[in-house]
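A.B. asks: Position chain E relative to chain L; hints supplied.
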Amino acid sequence: MQQVAAEAEARALERKFDIVVLVSMFLAILSGFHIHQMLTAGDWSFWIDWKDRMWWPVVAPIMDITFPAACQAILWTKFKAPIGATFSCAGLFFGQWMNRYWNFWGWAHYPLNFVFPETLLPQAIVLDGVLMITNNFVVTALIGGELWGWLFYPSNWPMIAPYHVPVEYYGQLMSVADLIQYQYIRTSTPEYIRMVETGTMRSFAGGVLGVSAFFSGFCSVIMYFIWWYFGYFFGWTKFIKHSKV
Amino acid sequence: MKIFNCETGMKKLVRVGGAILLSGLMLAPMSSLFAVQGMGAKSQEAFLRMRTVTFFDTRFSFTPSNRVKVGDEFTCTGKVMLMPTWPQEIPFSGISFFNFFVPGPQVLRKAIFVNEKYFQFNSVVLEKGGVYEYKMINQARTPGIWPVGPMVSMEEAGPFIGPEEFLTIEGSGAGFTNPVKTLLGNTIDLENYGEGRMIAWTLLTSAIAVVWLVYWCSKPFTRRLGLVAAGRKEDLFSPMDRQVCFLFTIGTIVLVAAAAMITKAQYPITIPIQETKYYIKPLPPEPALIQAEVTDATYDVPGRTLSFHLQVKNIGDKPVVLKEFLTANVRFLNPDVPGNTWNENYPEVNGGPMRVTPSEPINPGETKTLEVSMQSAEWENQRLTMYHESTNRFGGLLFFTDTSGTRQVFAIADQIVIPKFGATMGGGM
Numbered sequence: 001m002q003q004v005a006a007e008a009e010a011r012a013l014e015r016k017f018d019i020v021v022l023v024s025m026f027l028a029i030l031s032g033f034h035i036h037q038m039l040t041a042g043d044w045s046f047w048i049d050w051k052d053r054m055w056w057p058v059v060a061p062i063m064d065i066t067f068p069a070a071c072q073a074i075l076w077t078k079f080k081a082p083i084g085a086t087f088s089c090a091g092l093f094f095g096q097w098m099n100r101y102w103n104f105w106g107w108a109h110y111p112l113n114f115v116f117p118e119t120l121l122p123q124a125i126v127l128d129g130v131l132m133i134t135n136n137f138v139v140t141a142l143i144g145g146e147l148w149g150w151l152f153y154p155s156n157w158p159m160i161a162p163y164h165v166p167v168e169y170y171g172q173l174m175s176v177a178d179l180i181q182y183q184y185i186r187t188s189t190p191e192y193i194r195m196v197e198t199g200t201m202r203s204f205a206g207g208v209l210g211v212s213a214f215f216s217g218f219c220s221v222i223m224y225f226i227w228w229y230f231g232y233f234f235g236w237t238k239f240i241k242h243s244k245v
Numbered sequence: 001m002k003i004f005n006c007e008t009g010m011k012k013l014v015r016v017g018g019a020i021l022l023s024g025l026m027l028a029p030m031s032s033l034f035a036v037q038g039m040g041a042k043s044q045e046a047f048l049r050m051r052t053v054t055f056f057d058t059r060f061s062f063t064p065s066n067r068v069k070v071g072d073e074f075t076c077t078g079k080v081m082l083m084p085t086w087p088q089e090i091p092f093s094g095i096s097f098f099n100f101f102v103p104g105p106q107v108l109r110k111a112i113f114v115n116e117k118y119f120q121f122n123s124v125v126l127e128k129g130g131v132y133e134y135k136m137i138n139q140a141r142t143p144g145i146w147p148v149g150p151m152v153s154m155e156e157a158g159p160f161i162g163p164e165e166f167l168t169i170e171g172s173g174a175g176f177t178n179p180v181k182t183l184l185g186n187t188i189d190l191e192n193y194g195e196g197r198m199i200a201w202t203l204l205t206s207a208i209a210v211v212w213l214v215y216w217c218s219k220p221f222t223r224r225l226g227l228v229a230a231g232r233k234e235d236l237f238s239p240m241d242r243q244v245c246f247l248f249t250i251g252t253i254v255l256v257a258a259a260a261m262i263t264k265a266q267y268p269i270t271i272p273i274q275e276t277k278y279y280i281k282p283l284p285p286e287p288a289l290i291q292a293e294v295t296d297a298t299y300d301v302p303g304r305t306l307s308f309h310l311q312v313k314n315i316g317d318k319p320v321v322l323k324e325f326l327t328a329n330v331r332f333l334n335p336d337v338p339g340n341t342w343n344e345n346y347p348e349v350n351g352g353p354m355r356v357t358p359s360e361p362i363n364p365g366e367t368k369t370l371e372v373s374m375q376s377a378e379w380e381n382q383r384l385t386m387y388h389e390s391t392n393r394f395g396g397l398l399f400f401t402d403t404s405g406t407r408q409v410f411a412i413a414d415q416i417v418i419p420k421f422g423a424t425m426g427g428g429m
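Those protein sequence lines, which keep their order, are chains L and E.
Residue 105 in the UniProt record's numbering sits at position 105 of the first sequence, and the numbers go up by one each step.
Residue 358 in the UniProt record's numbering sits at position 358 of the second sequence, and the numbers go up by one each step.
Since the hints were made in silico from the structure, they are not lab data.
Bear in mind that the values here come from a model prediction, so they are computed numbers and not experimental data.
Glycine included, each C-beta is placed from N, C-alpha and C at the ideal position.
Just to be clear, a hint being listed does not mean it is correct.
What the hints assert, rightly or not - Computed spacing ranges between beta-carbons, pair by pair:
1) E:Arg59 - L:Phe94: 23 to 29 Å
2) E:Ala207 - L:Ala108: 27 to 33 Å
3) L:Ala28 - E:Asn350: 36 to 42 Å
4) E:Glu389 - L:Val23: 51 to 57 Å
Here chain L stands alone, though its shape is the one from the complex:
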């Protein structure tokens, strides 16, 4: 009887410890991934009129497969938990929403339809699923990485499609996204997109979405390998030889 009670207590303690570990990991990954995303994808993720420009479906997935790959390297090789990609993308998504809600909307008064973040969660679940099904990080990189690039655009199209409805404004043809960015002033920095951007998704008459998705997936495969090894290296615990401990 006493042994049963002790075991129950141990289980409860173990769950509490699990929660502490998971919450700490979630917050740490959230911070790191969010900073990484702000520095690399940055404006590509902030504004509705940047979404669907030529580089968004290329830049965002390539920059965002990094942490999922690194987290999978740790959570799969050490814990055999197929949650690395979803766990990190959920952290990023949560951090992004806090940022967009409190800072962009609450503080700077941008409407949420101008600044909402893109979702990576469907691709993340698929990436985790492929890793578990194949149990092989090389195959996951090749198949999961390509799927990551391909799924990005359709995962977000349900949200961004309404912003591509045409509007006539002062005799000019604009999309709703164009009009939002024109009317809701960003003061200065993002204006350079209008200066440097020389093509949109449909610049070459037939459209470059498929090419962009394929290229994005191809680069995501490479990034997956690189960041898997980052994760593997930083998750390595054999830094000190036993004899020196």
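C.D. replies: Relative to chain L, chain E alone:
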């Protein structure tokens, strides 16, 4: 008798002190000491502000009260000159975007016209030496006090900031709408258009991810580390785990594909985001009244006085006077010209008087060398002294008028300035 415990006391002191320090740090940004004062034009180099883009004739329709209500429209009009001699240090592509500065969308930019042509949401290509007239129509959106003004952003060169005013927007932002009619015939409100759909899809995909995470995290987690290390990986997965994994993976792909196709059916007509660049011709040149050349310039550091010699030839048929010098949104007026007094409604900074010697008008056909001198604290306040900078040249616009009121704007764009470090007060040459 209570005995003071040194250790406990110190701990308490550290705790209270830390709490005060932390509170101070957290509250500091809210302090008026840190209040935003304008758009930071003064942080740009003097030569950049004086020799690249110069705004003039700027007027705001809300002056002199500087107050509007939420929903009110107001205009900002004026002209801008791209200085003919552009500094070598600053790249020039001419690819620019006319903008209205305000910290965020506190006002809506409803329309901008450049040389009476509607200015698109894309970039334009401008010419050196060209003068462009702009009209910006804006709508007040968020209550508060905001610095506002015209602005030109240029590729590689950065933002050039025009004169500013502080605008007070009164009323409540609640209930503000921004209706627009689309080419499909429906009227939408840009304030929240598409928001419900976006939130619904966000919640759906998030819910799937949360269920996936909860499924795996509901199992003992930390213990897995030990089991993997012990080589018992296979014990960690049940057949159900593999079925769940397969279901989520394939289900997510199917869901995304279905949602994209349904969306395509719901929005059969969509257009790509627009992109182009186009040219705007500058305004035709103003009537030529004078020919002029700056021969030398000095800046008296202790006296805070910029002085230069200007050789002027009147090529018109009426006497001409030098009325004003404008640089980096600071104006200096010649007090010897009748009626040339400062108007409080001007958004520029009042630099003070501009002394012109000799003060008599220049007659038709006559050539005179004018000595122009401006003593003002604004040289220092506006950080327009150049002796600290790597490029000690100045620029600006001189405004000449004849007796009929015809005006000629003359640009000084590349004049070297010799500082006088030891000169006494008084300026002059």
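A.B. asks: For every hint, state whether the structure bears it out.
C.D. replies: Each hint, compared with the structure:
Take Arg59 (chain E) and Phe94 (chain L): their Cβ atoms lie about 47 Å apart, and the range 23 to 29 Å is violated. Distance hint check for Ala207 (chain E) and Ala108 (chain L): the Cβ-Cβ separation is about 29 Å, which falls inside the suggested range of 27 to 33 Å. About 55 Å separates the C-beta atoms of Ala28 (chain L) and Asn350 (chain E), a value inconsistent with the hinted range of 36 to 42 Å. Against the hinted window of 51 to 57 Å, the Cβ-Cβ separation of Glu389 (chain E) and Val23 (chain L) comes to about 52 Å, which satisfies the hint.
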